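Residue numbers (our numbering), protein chains in the order written: chain A, 1 to 328; chain B, 1 to 328; chain C, 1 to 328; chain D, 1 to 328.
One thing to keep in mind: the hints can contain errors.
Taking lysine-lysine pairs in the DSS-like style, the calculated list, with each CA pair at most 27 Å apart, reads [unchecked claim]:
1. A:LYS139 - D:LYS324
2. D:LYS324 - A:LYS324
3. A:LYS61 - A:LYS84
4. B:LYS162 - B:LYS111
5. B:LYS295 - D:LYS324
Here are a few chain C residues that face chain A, going by a calculated C-beta distance under 10 Å [what the hints assert, rightly or not]:
6. TYR46
7. ALA130
8. PRO153
9. LEU248
10. THR254
11. SER261
12. SER262
13. ASN264
14. PHE274
15. LEU276
16. GLN277
17. VAL288
18. VAL291
19. VAL293
20. LYS295
Here are some chain C residues the structure puts well away from chain A; computed CB gaps all over 10 Å [to be verified]:
21. GLU40
22. GLN52
23. SER98
24. GLU255
Calculated from the structure, these hints are not laboratory results.
All values reported here derive from a predicted model rather than from experimental measurement.
Backbone N, C-alpha and C fix where the C-beta goes; we use that ideal spot for every residue, glycine too.
4 protein chains.
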Amino acid sequence: MFNIALFGSGRIGQVHAVNIERNSESNLYSLVEPNDQYAEAFCKQYPNVKRQSVEEAMNDKTVDAVCICSSTNTHANLIELAAKAGKAIFCEKPIDLSLERVHECLTTVEKTKVPFLIGFNRRFDPHFLALKKALDEQKIGKPATMVITSRDPAPAPAEYSKSSGGMFKDMSIHDLDMACFILGEKPVSITAHGSCHVDPAIGEAGDIDTGIIVLTFPSGATATIFNSRRSGYGYDQRMEVHGETGMLQVANVTESQLFHSSKNGIESTTPLYFFLQRYQQAYADEWVHFVDVLKGGKPRCTGIDGELSLQLAEKAKESMEQQKTIML
Amino acid sequence: MFNIALFGSGRIGQVHAVNIERNSESNLYSLVEPNDQYAEAFCKQYPNVKRQSVEEAMNDKTVDAVCICSSTNTHANLIELAAKAGKAIFCEKPIDLSLERVHECLTTVEKTKVPFLIGFNRRFDPHFLALKKALDEQKIGKPATMVITSRDPAPAPAEYSKSSGGMFKDMSIHDLDMACFILGEKPVSITAHGSCHVDPAIGEAGDIDTGIIVLTFPSGATATIFNSRRSGYGYDQRMEVHGETGMLQVANVTESQLFHSSKNGIESTTPLYFFLQRYQQAYADEWVHFVDVLKGGKPRCTGIDGELSLQLAEKAKESMEQQKTIML
Amino acid sequence: MFNIALFGSGRIGQVHAVNIERNSESNLYSLVEPNDQYAEAFCKQYPNVKRQSVEEAMNDKTVDAVCICSSTNTHANLIELAAKAGKAIFCEKPIDLSLERVHECLTTVEKTKVPFLIGFNRRFDPHFLALKKALDEQKIGKPATMVITSRDPAPAPAEYSKSSGGMFKDMSIHDLDMACFILGEKPVSITAHGSCHVDPAIGEAGDIDTGIIVLTFPSGATATIFNSRRSGYGYDQRMEVHGETGMLQVANVTESQLFHSSKNGIESTTPLYFFLQRYQQAYADEWVHFVDVLKGGKPRCTGIDGELSLQLAEKAKESMEQQKTIML
Amino acid sequence: MFNIALFGSGRIGQVHAVNIERNSESNLYSLVEPNDQYAEAFCKQYPNVKRQSVEEAMNDKTVDAVCICSSTNTHANLIELAAKAGKAIFCEKPIDLSLERVHECLTTVEKTKVPFLIGFNRRFDPHFLALKKALDEQKIGKPATMVITSRDPAPAPAEYSKSSGGMFKDMSIHDLDMACFILGEKPVSITAHGSCHVDPAIGEAGDIDTGIIVLTFPSGATATIFNSRRSGYGYDQRMEVHGETGMLQVANVTESQLFHSSKNGIESTTPLYFFLQRYQQAYADEWVHFVDVLKGGKPRCTGIDGELSLQLAEKAKESMEQQKTIML
């Protein structure tokens, strides 16, 4: 049984708390949460969980691993502290918004050799994994063109743009990682376009809310990513890979299988509303994988993957600003 | 080039007129239409077509074949006249509403040995034919259960019930024929249920507007037919056959491939509105087949098929009234 | 926190065990399992669960409720014992295969007034509930025709027929219950057809493996049920209700949203394999509902529902044998 | 009745011949075809059609309009001759592969004021028109992102690249036109990527077989085009527009509505094989529109549209070669 210290009891912290508890080999041991109100609400729900300070958790020999779900600006510090304390680390993406800081942080992790898993939840989604399996089984031959559509249901307040690092670092980073993961290559060039369609305040905050990124890979394959901060119909998460002999597609997962036929047409339900619903199974499987990592398994996504995606996000911004293809 | 005398310039007559003209081996030679107004409108559209009386058409050596699209109560007489005049015959279903009359009529046809095709349009539908082909290719092994759904978009006026012979003879007859055609067997028993959901006036006229028929076949297979005089969403024409290793289904053909995603769901278009739209291709292919018959080919559906379906429709009524299974 | 004694650690017992444990208001307190090997394996997985005999569990004041997942022939006895011991009861269907025994048993339950929930899992399926909600919201007006398709992926061994009570009592019972639940009515007549397509040994055991049941309801609505012990493509669980202004359908839930386009066509994945996969969410929601019942809520399906379905299953057999409609 | 001189009896000439003949207001009067063998085969099929030389057709007062379906390098000359002869003109795209020549040619047309329709068949496709209608009806608010997928089933021989003007001018030109047509705007920038995945010989011939084009429009909307000379599963013709409140999509039209469920999955049929099948209705409607133009109607796509698309295709090549966004 692995004892887990959970950092952060927000939306995503709660998702992991459920999965930690449901896993027969992990135990939700303690919560580190600076906000008293949040901490109390959480501990009411999980009465066996003790509240700890960062220091207590790091120094507590009972803690086997940390699950970092606190705000982005705390990630790198906590990773370094945990690594030095010899704790295995699960950390939500991103490690940090600064590539230098990420690099520094990963160097520490590498030195300590603690197990480290970065939370790219989509890598654990059964639908995308089914596509990857079919691709690896040569169902469509060599891939030529990949298309990822990833649209949030509705935008966060424009202020969020300030702390998020901008759309490419905050949102596209998942899709950049998936493109590399599915194709099994690192891109050689990137071309990006961005615009502001959803909320002018996002533009005024210096960010974009709509983006297109084209990556080219050493094999010649390309991946095109469509991002929007607003869909109008739930969380749009689709993928398409076209190869020598055909195409593989992952369609959206909808609210239900109900269809209503009337004179107006045939109406089916919208895609699941947002990531908590859409990736519920992925989060559960991600935690199962982290328990495997705790038992000595090889992590399916490492700090290097996190670093690469962040770098691509930075280059995307550079390409967008310069209106040209950036060679990597 | 085969010269065709068309009997009746109503809705279905016009469908055949188009296909006769489009076929490079058939010529729309004359129209027999008692209603002056209809005849004039038709001849305006087809200026090369001459108007004839029944007698003129039957005695005209130039006429190679008749296409009978006039009202149901004229079919049997016209068939007999045409057979005696040595004309090849295409006749819309049914031959007659009375089994005795049908039998008498078919006896005449048989004696004269004129080519005869009964207009079971659905036998020519490319979708249903694709299902039959897959079935014959053993794609699902031996069939066990067949389900046919056939719903009109909206009911005809209740008075229509009086001349139509009732729902089983008028509407289910197509589905009864398809069940036999697809499965390649004649049923051994029939059980039918009927009710009135759509229009009370239909019930008052002694007819039903909603029906369920269960047929069993010598092989042990069953076919269940769902009929309604109203769908609310266009012409619902589906088929499903379940066999040893899987299932074959024909889904509806929709107005277009447009999909609209919004917060309300994903909306696609309704099935094509009614038989003229849904079976447009089937009617065209049916005529091509009749030209083949004129050239000596074997007709894909004969008077015997028409007789069998009518007989089944009668037995369906008997079963419904007696609330029990009728052995055939 | 409600302490639950679980009777039976088989396939379905394990499903409930997971849900009992996951629910923050229920505690998997003890297991009653006559088979030592099964019991040990179970207790290894749930080390905090104590093993008890039937008597111990019934006499243990700590036990608030029983969850009966043992073999069918033990259900009625356990229900009576639990009722007399004042325990709340969740029991998998059926209560018993004999209507008399069911009635006797329910009389005892009623006298003791203990909360009682019968495990008709499909009533908790979010897809079917979405259909019921839409129906109740008058999305299609008054229902006229309902069609339920329910096919197992592959047959159980023919010996199972002997203990199961036959296809109607074992399998169709779920669909009979759903027809009544969705339409909110009790049927007035039943007509059934059965045959043996899947395994001749099932027929030799006096059972059928393929069935069709037509129910009529006081409102005039009909429900037709298609059952098969074999689909060839997973667990086929569909529903369709046709009403005044349109149609509601629940389509199958598939393995994944992966689509593969090639020269052979567009291939999507099969329906989820069987009930454990298809109704995973339903089982979880069912348990949540039972916890509500423990807290004083009204049970969504009672012994009366179980009795009605069993009675309909018996009448289905009678109709099949007599080849006629049975009035209820 | 309008008398039409058809130039070219190849694949596309034959499509138009059928539609000219089927239209009650147009008459297939003559064929201009330099190849004797082709001409004879054609005239056998259409015995009433006379064969003419270019000069004869242009000087024949009976000819009301020309339908130019000959090889691309003859288009501009024939357009100029027809314009000077006062004939109305329907011309298959492109007018010419040289922008200068196109401009020159259109100047002549403009001077003579003859009716002129350029054959952008997809503008007449009922599915895309349904999308445009929904867009114009504000079904999704202001459009932000458009995606067009257009893949041929299989590549033409590499030699074709030499005469075709290259993939952007030959294939993407349709999609460039559709992006402008559907959005109702002219783009302000273009960014293109090209590669060779399908046939190395195409690359050796200096062409590409896989392309991605990103257009930005004055409104801020973008359109991304995916092209490939090979799909592996038929003619892939999809469109998606994402706007303020939702998304509109046109899915592929498939061979039939047959679905086959087996242990391998659920298999549906491929998209219609190529443009002759997929755009059969569009070609018919295009001709109906041209007859409207002959009667004084405003042409739905003019030489200006042809010129714009050609210019965009040239700029796409420039962008691809320079690896940067080109401002228009």
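Here is what the structure says about each hint:
Of the supplied pair hints, the one linking A:LYS139 and D:LYS324 is violated, its CA atoms being roughly 34 Å apart against a limit of 27 Å. With a CA separation close to 4 Å, the supplied pair D:LYS324 and A:LYS324 stays within the 27 Å bound. For the proposed pair A:LYS61 and A:LYS84, the alpha carbon gap of about 13 Å is at most 27 Å, so the pair holds. Pair hint B:LYS162 plus B:LYS111 does not hold up; C-alpha atoms about 33 Å apart against a cutoff of 27 Å.
With a CA separation close to 65 Å, the supplied pair B:LYS295 and D:LYS324 exceeds the 27 Å bound. For C:TYR46, the interface hint holds, since its Cβ comes within 10 Å of a Cβ in chain A; the closest pair sits about 9 Å apart. A distance limit of 10 Å between C-beta atoms decides the matter here; for C:ALA130 the minimum to chain A is near 4 Å, and the interface restraint holds. Because the beta carbon of C:PRO153 sits about 18 Å from the nearest beta carbon in chain A, more than 10 Å, this interface hint is broken.
For C:LEU248, the interface hint holds, since its Cβ comes within 10 Å of a Cβ in chain A; the closest pair sits about 6 Å apart. For C:THR254, the shortest C-beta to C-beta distance to chain A is roughly 9 Å, which falls under 10 Å, so the interface hint holds. Given the 10 Å rule on beta carbons, the hint for C:SER261 holds: about 4 Å separates it from the nearest Cβ of chain A. Taken as an interface hint, C:SER262 checks out: its beta carbon lies about 4 Å from the nearest beta carbon of chain A, inside 10 Å.
Proximity of C:ASN264 to chain A holds as hinted, the smallest CB-CB distance being about 9 Å (cut-off 10 Å). At about 17 Å, the closest approach between the beta carbon of C:PHE274 and any beta carbon in chain A exceeds 10 Å, and the interface hint on this residue is violated. Annotation: C:LEU276 was flagged as interfacial toward chain A, and the flag is violated, the nearest CB pair being 16 Å apart, outside 10 Å. Annotation: interface hint on C:GLN277 violated; nearest CB of chain A at approximately 12 Å, more than 10 Å.
The beta carbon of C:VAL288 is not positioned within 10 Å of any beta carbon in chain A (closest approach about 15 Å), and the interface hint is therefore violated. At its closest, the beta carbon of C:VAL291 sits 16 Å from a beta carbon of chain A; the interface hint therefore is violated under the 10 Å criterion. Contact between C:VAL293 and chain A, as hinted, is not supported at the beta carbon level, the nearest pair being about 22 Å apart and thus beyond 10 Å. Interface restraint check: C:LYS295 against chain A, minimum CB-CB distance 18 Å, threshold 10 Å, status violated.
Every CB of chain A lies more than 10 Å from the CB of C:GLU40, the least distance being 17 Å, so the non-interface label holds. Against chain A, the non-interface label of C:GLN52 holds: every CB pair exceeds 10 Å, the least being about 22 Å. Look at C:SER98: its CB is around 36 Å from the nearest CB on chain A, clear of 10 Å, so calling it non-interface holds up. Against chain A, the non-interface label of C:GLU255 is violated: not every CB pair exceeds 10 Å, the least being about 8 Å.
In terms of the numbered hints stated before, the structure departs from hints 1, 4, 5, 8, 14, 15, 16, 17, 18, 19, 20 and 24, listed from lowest to highest.
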